[in-house]
Amino acid sequence: MITTRNKWVPYLFLLPGVLLFLAVGVYSVGFSILLSFYNWSGIDFSTARFEGLANFKQFLLGDDPIVTQNFYNSLLHNVLIGAAQVVIVIPIAIVLAFVLQNTKMASLYRTVYFLPMIASGVAIFYVWKGLFEPTGAFNSLFHAIGLDFLTVPGGMLGSSSTSLIGIIITSIWGGLPGTLILYYAGLTSIDPTLYEAANVDGASKLTMITKITWPLLKPITLIAVIQMVNGAFQAFENVFIMTGGGPSGSSEVIGTLVYRTAFLNNDYGLASAIGWISFLITGAIAMFSIRSFKVDI
Amino acid sequence: MKRKATLMVTMLSVLCLFVSACSGGQKQEGGSSAEGSKHLTMWTWKVAYTPGIEAAAKLYEEKTGVKVDVETFTPDDTYRQKFQAAANSKNLPDVVNWWATAGDSIEGSVLELSGEVGDDVLSKYYGTAMDPIKVTQSQVDSWQKDKNATTVQKSLKAGQFYGLPLDIGGFFTFYGNKQLIEKAGLTAEAPKTWEEFVTMMETIKSKTGTPGLVFGAKTSDLWENWAGSALAIMYGGPQSYIDLLERKAKMSDPEHLPVVQAVQTLADKDLLMPGILSTDIDGADQAFAAGKAAFDLGGSFTMSTLLAMGMKPEDIVTFPVPPIDGSKITSWTTDPFTLTMLSVNKDSKNKDAALDFIKYMTTDPDAAVAFANAAYTVPALNLGDRAKDLDPNLKAIVDSFATEPGPYSEAQPAINAYRGKNKEWEVYAQSIQSMIEKKMTAEQAAKKFDDTMKSLQASGN
Amino acid sequence: MVKTIKHIILVLYGLTCVYPFLWMIGTSLKTSQDALANPQSPLPKGAPEWSTFAEVWNKLNFYRFFVNSVVVSIIVIIGVVLIYTMMAYSFAKFRFRGKKFVYYTFIALLLVPGVTTLIPLYINMTNLGLQNTYVGMILPMINGAAPFAIFLFTSYFRTISHELYECAVLDGCGNFKIYWRVYLPLALPAIGTIAILNFIGSWNNILWPMIIVDKQEMFTLPMGLMYLDSSSFKKWNELMAGALITVIPILIAFPFMQKMYVKGMTVGSVKM
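Chains as they are written, first to last, in our numbering: chain A, 17 to 313; chain B, 61 to 521; chain C, 50 to 321.
In short, the hints are calculated from the structure, not lab data.
Be aware that one or more of the hints could be misleading.
[Stated by the list, open to error] Simulated coverage check for chain C against chain A, where a stretch passes if three residues somewhere in it have a Cβ under 8 Å from a Cβ of chain A:
#1 150 to 162
#2 191 to 205
#3 287 to 293
For glycine and all other residues, C-beta sits at the position ideal for the given N, C-alpha and C.
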């Protein structure tokens, strides 16, 4: 790290990015924050009406009981999706990464495992929808292997007790490859001589994992957690296509709520307010994770 | 070396600045082309309509020399965003196709037409075609009272309208699979009552194993929009439904509860297609066409979809929502309403030409027929004798429409004013999904509706 | 034994990754009636129907869409790599006032809720006169890529030994030359990672282009696909044929790039 003689040099290097941000980002972010204090239909800002904190009160404090209920209901679902992803994806990714690392055909597997990353996009959600149908692959599979109690007669997405699980499964499927690659990259970067040395010193397997492997995987885990939590809070397209937030609101997330509020109820101000509160919550979770991992980003 | 570096960075920055410097100048492009040129642009979200609009536009060009370019954006949610975005930057095209509504807050961007279009034009449309488009007094009152209403809504006055009706249609139609019905030993005829309909579905289920009914229940308010309101209006008469909408009645009243129970019956008797709650409108029609359910709930527009999916008109029996036993109105006449409208961009440089075009397209019989046949939808224009030039399937739909305004038209202003705004309806729509899942009874759903209404009223919503 | 179990696990997971693609391929080869009647089956009934591909290709101006997609993706990649390696170089190598603030502001952009900024962003871009232009499509995509690109490049540059920098200074190189000649080439793996991520992202991006572009001649491939999707009902066979045409370029490019992708991740995100 250096302090240059010409103190403008570091700023010059920042300039293109900052200018781009000023040209493209600042206005939209600032305007959208501003909007959360207005009642606005989304068309023609001269018709916006300043309402102070009214929007926030409406969904946070119960000024409108239904919107409030919808908000907390959605928030809970976002948290559940995020938590389930973290709890399920990380262990699976670590295990798969270990297995993959010691496999001859790793590069073939790796190519295959990458596929879900490429396949982001609308079509995939339709495929999933088909798999979850009452006669789709999931129910047929459970039936075939005798686990009939796991079948959902109305289809996983068509039942209010399982629709969120369906969403979570697709999120895990979509989130696993990225995380797996991260861990795989992490493991391959560990210098094998470290283990050899530890072995010579008579260290146990457990010590090796806690002293050598984990410190290296820690920052990766942090990134994975933040990515997944952020992904969970920004979930929209998958829910919108697969369940539309239903049945009976059982899979509603902030994304679909914001969308509905902004574009179907024409309440862009309220939608912005909800969106920014969700931003603050995600930020808080990210900060908390950074603190508890004691890793600097 | 350092100088070179600085130069590079500066160049990049200048590039960026150049980008932002364009701000003032070339703003006006989007729709409105240069003054005097004979050229209009128009937006729609319905791909199926595009050939129809183009056919009508061609006739218009032959007549006036004005060319109309049609641009299509799909699906409808993208179109809404697109419209909002363009309206904000004054980039709307000269003409827009929009859902037939009043108070959708697009009014700030499109031309108010009550001063421009007189009764000589309006009288050419189908009787009730202007109803959903014209602002009513009850809407005005409700927006004035509503603290969450937008400024645009609060500024509207009764009698104003912002578009001309393009096409009409009706919901409240059941489509039946003739083969399946006959296979169950029944005659493929319209049932006289709801109860008869339910019995029919039970027979089919027990004889053929095919579930009775499918509809796009993923959309939670679809049942109420496409069937429930008709059942309610027939059962207690239009006024009783209006009372409910205006919060002067309760869902648990004996006048309303049987309508809620109708849904529960479907669930209790397992007459709905499995997986119906994750089935959207498209999927429902698809399942019906593939013989996975004996009946499909739809509207006048569903027929064209089913035909496109390979069904034949002679395979299908259609009938309106049948009344629940004891209904005040004993047969439902499909009382069509306007589906979409055409509006003129307020800031268009070709306002006069655009207005002339939408008048032409909605009132000229040749244009209306050309549009209808290519778009496969019924024009809002009262065609009279010219209806014979419509495609036979369309003609059949037109013939099934009531010629006089019926009970639905009576309730429609209240539906438009309250069903989207009063959130007890949102809760009710979700309760219907719960009933379909058998997680709620009709009584519970009605009570929840009433309780929600009460708590919303108490909190001033 | 352990080995067999291992491979069973790996293959099973592999199947779940591949299945949707098999379904897409299978469905694209069905007749439209078959796709309607047996949506779940990944295999066409009877002989595969190859003609759908040609029909879909001819139905829309796919060649033009393809070119648009390529132009947009490539410029986005170049922009992201140049702009954010420069920023990262500055963050990694210099001590200066306001560094933390700028850095974290850009990182926090990751969390900005997309739906709520959509309309403001459009207003912003049309104020700049950029509707219906490549630039209008591209700039927000570059800006959107900032958080992860800055993060990865910065941590990557931090791993490069400082002595290298000092050597270069002793050789009389200015900062820009050091960045351009030394750091940028060394960052190739990270550049690969970011390039791949943004290629996939911009190739599949549909929400923003759909809003900013009106003219069909500016459509990208997924937008063309969206257009296919909206006739009176979903013709799954056509849709999946279109979807395959859309992802084929990524599929072809991917195996070659994935090694680099892993390498970039390895150094960039692991050693912080």
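Status of each hint after checking the structure:
{"no.": "1", "hint": "150 to 162", "in the structure": "holds (count 9)"}
{"no.": "2", "hint": "191 to 205", "in the structure": "holds (count 5)"}
{"no.": "3", "hint": "287 to 293", "in the structure": "holds (count 3)"}
Going down the numbered hints, you'll see the structure goes against none, and every one checks out.
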